[in-house]
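Residues per chain are reported as follows:
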Amino acid sequence: MRKTAIVVSLIIFAALLVVTAFLIHPFGDPPSDMDDYIIANTQRETGANNAVTAVVFDYRGYDTLGEATILFTAVTGVVMLFRRRKRA
Amino acid sequence: MMMSKIVRTMTHLLVPLTFIYSVYLIMHGHLTPGGGFQGGGVFASAVALLIVAFGSQNIHKSLKEHHLSILESSGALIFIGLAFGGLAAVFFYNFLTGSSIFGRIPPTGSNPGDIWTGGVIPLMNFAVGLKVIAGLSAILLTMALATSLKEVEE
Numbered sequence: 001m002r003k004t005a006i007v008v009s010l011i012i013f014a015a016l017l018v019v020t021a022f023l024i025h026p027f028g029d030p031p032s033d034m035d036d037y038i039i040a041n042t043q044r045e046t047g048a049n050n051a052v053t054a055v056v057f058d059y060r061g062y063d064t065l066g067e068a069t070i071l072f073t074a075v076t077g078v079v080m081l082f083r084r085r086k087r088a
Numbered sequence: 001m002m003m004s005k006i007v008r009t010m011t012h013l014l015v016p017l018t019f020i021y022s023v024y025l026i027m028h029g030h031l032t033p034g035g036g037f038q039g040g041g042v043f044a045s046a047v048a049l050l051i052v053a054f055g056s057q058n059i060h061k062s063l064k065e066h067h068l069s070i071l072e073s074s075g076a077l078i079f080i081g082l083a084f085g086g087l088a089a090v091f092f093y094n095f096l097t098g099s100s101i102f103g104r105i106p107p108t109g110s111n112p113g114d115i116w117t118g119g120v121i122p123l124m125n126f127a128v129g130l131k132v133i134a135g136l137s138a139i140l141l142t143m144a145l146a147t148s149l150k151e152v153e154e
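Those protein sequences? They're chains A and B, same order as listed. Every letter in the first sequence is one number past the one before it in my numbering, and letter 32, counting from 1, is 32. Every letter in the second sequence is one number past the one before it in my numbering, and letter 83, counting from 1, is 83.
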């Protein structure tokens, strides 16, 4: 019973992967006009020459806030796990 | 626990260069590849070299975890404060573009770049760099201290 459930779910997962692989857009073909817009307007709108940094800190700054939160959580966890305990 | 004199001398030579390179990566994040995260990682690698060469106990005398945590929290606060600064338009709006602080607009197309551009992006790079420097150094120092303590107990 459990084995058949595992096999069926694996088959469904593999089928989903295969369908996604066939539906994915062709390699090198941009899925939207977003990247053209960013390349054309980054320097005028943000004043930054580095388009990657402009996307990371300006257009998708909210994403970077999440990254910074992840780093903060990691530091908190490591410092909490490796804190020095008082000798008993 | 210190390593040999050769390693310590090479660390003395390499660490200032690495620190300068990390600050360069952070402050030129809006012009060249790099930025706060990468520059902070380079800085933390220099701290790792210091810890390996001189031992975590010796480094801990001048670099405490609570100082690093203050640095990290202030970096996060600067970052979120700059994000809230653009709240008149939208969260994370670049409100300094065109103003007198980091406000020059470069010409569109390939150009060598100007440090005084980018609006809030250089300041955010600085805040994130501060945060990553302090965070990764705190992680390295805490883990090194924990392992060295275990060696002493055994």
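Bear in mind the hints are in silico, worked out from the structure with no lab data behind them. Check before you lean on any hint, since a few could be wrong.
[Claimed, not checked] Distance condition first, Cα-Cα at most 20 Å in a straight line; then the derived SDA-like pairs of lysine to any residue:
1. B:K64 <-> A:T76
2. B:K64 <-> A:F82
3. B:K61 <-> B:D114
4. B:K61 <-> A:R84
5. B:K64 <-> A:I38
6. B:K64 <-> A:R83
7. B:K64 <-> A:F72
Sort out whether R83 (chain A) lies within 20 Å of K64 (chain B), counting only the CA atoms. 13 Å, holds
So if I understand the rule, the pair passes when the alpha-carbon distance is 20 Å or less; does K64 (chain B) with T76 (chain A) pass? 15 Å, holds
Against the 20 Å threshold, does the CA-CA distance of K61 (chain B) and R84 (chain A) hold or violate the hint? OK: K61 (chain B) and R84 (chain A) at ~16 Å, within 20 Å.
Agreement of K64 (chain B) and F82 (chain A) with the hint, judged by alpha carbon distance not exceeding 20 Å: 14 Å, holds
Does the alpha-carbon distance linking K64 (chain B) and F72 (chain A) stay inside the 20 Å limit? This hinted pair holds, its Cα atoms lying about 17 Å apart.
Holds or violated: K61 (chain B) with D114 (chain B), Cα cutoff 20 Å? Roughly 40 Å separates the two Cα atoms, so the pair is violated.
Can the restraint linking K64 (chain B) and I38 (chain A) be considered satisfied, given a maximum Cα separation of 20 Å? Cα-Cα ~43 Å, so violated.
Consistency with the previously given hints fails for numbers 3 and 5, ordered from lowest to highest.
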